[in-house]
Amino acid sequence: EAGVTQFPSHSVIEKGQTVTLRCDPISGHDNLYWYRRVMGKEIKFLLHFVKESKQDESGMPNNRFLAERTGGTYSTLKVQPAELEDSGVYFCASSQGVGGQGTDTQYFGPGTRLTVL
Amino acid sequence: AQSVSQHNHHVILSEAASLELGCNYSYGGTVNLFWYVQYPGQHLQLLLKYFSGDPLVKGIKGFEAEFIKSKFSFNLRKPSVQWSDTAEYFCAVTLYSSASKIIFGSGTRLSIRP
Numbered sequence: 001e002a003g004v005t006q007f008p009s010h011s012v013i014e015k016g017q018t019v020t021l022r023c024d025p026i027s028g029h030d031n032l033y034w035y036r037r038v039m040g041k042e043i044k045f046l047l048h049f050v051k052e053s054k055q056d057e058s059g060m061p062n063n064r065f066l067a068e069r070t071g072g073t074y075s076t077l078k079v080q081p082a083e084l085e086d087s088g089v090y091f092c093a094s095s096q097g098v099g100g101q102g103t104d105t106q107y108f109g110p111g112t113r114l115t116v117l
Numbered sequence: 118a119q120s121v122s123q124h125n126h127h128v129i130l131s132e133a134a135s136l137e138l139g140c141n142y143s144y145g146g147t148v149n150l151f152w153y154v155q156y157p158g159q160h161l162q163l164l165l166k167y168f169s170g171d172p173l174v175k176g177i178k179g180f181e182a183e184f185i186k187s188k189f190s191f192n193l194r195k196p197s198v199q200w201s202d203t204a205e206y207f208c209a210v211t212l213y214s215s216a217s218k219i220i221f222g223s224g225t226r227l228s229i230r231p
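As given, the protein sequences belong to chains A and B, one line each in that order.
FYI, the numbering for the first sequence is 1 to 117, going by the numbering used here.
FYI, the numbering for the second sequence is 118 to 231, going by the numbering used here.
It should be emphasised that the hints constitute simulated quantities derived from the structure, not laboratory data.
Certain hints may be false.
[Unchecked claim] Cross-link-like lysine-lysine pairs, in silico, DSS-like; alpha carbons within 25 angstroms at most: (1) B:186 - A:51; (2) A:44 - A:54; (3) B:195 - B:166; (4) A:51 - A:15; (5) A:44 - A:15; (6) B:188 - A:41; (7) B:178 - B:195; (8) A:41 - A:78; (9) B:166 - A:44.
[What the hints assert, rightly or not] Reference listing, derived: stretches of chain B covered by chain A, where coverage requires no fewer than 3 residues with Cβ under 8 angstroms from a Cβ of chain A: (10) 150-162; (11) 184-193.
Glycine included, C-beta positions come from ideal geometry on N, C-alpha and C.
Work the whole structure out from these sequences, hints included.
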């Protein structure tokens with residue numbers, strides 16, 4: 001079974017440009033999550049999809065970030081325009097959604113390393 | 118706000134040494150507790166988890182963790198480390214009341230000298 005995949009693995013852009021990150025969850029997983037790790041700090045939750053609906057987007061830093069999951073399969077995270085502080089590793093995770101009260105195991109992708117110059 | 122604290126940023130040990138990585142969380146309600154590991158060049162993967170029951174939890178590769186509710190702690194242990202345990206270790210929680218998001222600690226980088 002294929003795991004969570006993310007594309008690209010690494011992106012280098014200049015401040016003010018736009019970048020779109022993609023995540024393909026494990027097949028059949030309705031839940032999809034985005035997290036971000038800024039250099040040396042903790043991995044922070046950004047948002048959670050259940051199928052195509054945003055269940056929780058409390059971690060999105062500002063309106064320069066737009067996440068979509070059309071059709072409930074893959075998801076994209078667009079940063080427009082990118083700022084220096086957006087640099088970091090963006091992780092995607094997916095889960096089946098069979099556990100309740102936070103017991104559902106999330107499976108992580110390899111991450112996309114974003115560098116904004 | 119809820120948070121997870123990992124006491125050590127970088128730990129260096131020799132092979133066969135014993136390991137204990139500290140983790141404390143700040144949340145008064147019911148939590149689920151996890152340790153994740155990221156080996157060099159690999160994905161984050163689940164090492165072990167605690168939801169309820171026996172507070173001593175055994176995970177993969179000989180790791181275990183003990184939940185001490187009175188201390189809000191979930192320390193990770195391994196009696197004898199190997200060079201292949203070199204990785205970054207993350208303590209994490211999910212809240213019983215908020216099923217979705219994982220709250221991570223800042224991570225502990227473990228380096229094992231062969």
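Review point. When you check the alpha-carbon spacing of residue 41 of chain A and residue 78 of chain A, does it fall within 25 angstroms?
Key: OK: residue 41 of chain A and residue 78 of chain A at ~22 angstroms, within 25 angstroms.
Check your understanding: CA of residue 166 of chain B to CA of residue 44 of chain A, is that 25 angstroms or under?
Key -> 19 angstroms, holds
Review point. Are there three or more residues in the region 184-193 of chain B whose C-beta lies within less than 8 angstroms of some C-beta in chain A?
Key: violated (count 0)
Check your understanding: Are the Cα positions of residue 195 of chain B and residue 166 of chain B separated by 25 angstroms at most?
Key -> Given that 25 angstroms is the threshold and the Cα spacing comes to 15 angstroms, the pair holds.
Review point. Given the hint that residue 44 of chain A pairs with residue 15 of chain A, does the C-alpha gap stay at or below 25 angstroms?
Key: 22 angstroms, holds
Review point. Taking only the CA atoms, is the gap from residue 51 of chain A to residue 15 of chain A under or equal to 25 angstroms?
Key: Violated, at roughly 32 angstroms.
**Study point:** Satisfaction of hint between residue 41 of chain A and residue 188 of chain B, Cα-Cα up to 25 angstroms
**Key:** 24 angstroms, holds
Check your understanding: Going straight from one Cα to the other, do residue 178 of chain B and residue 195 of chain B come out at no more than 25 angstroms?
Key -> 9 angstroms, holds
**Study point:** Residues of the region 150-162 of chain B with Cβ under 8 angstroms from chain A, three needed, outcome
**Key:** holds (count 5)
**Study point:** Given pair status - residue 54 of chain A, residue 44 of chain A, alpha carbons within 25 angstroms
**Key:** Status holds; Cα separation ~17 angstroms.
Practice item. Sort out whether residue 51 of chain A lies within 25 angstroms of residue 186 of chain B, counting only the CA atoms. Key: 35 angstroms, violated
Hints 1, 4, 11 from the earlier list are contradicted by this structure; the remaining hints agree with it.
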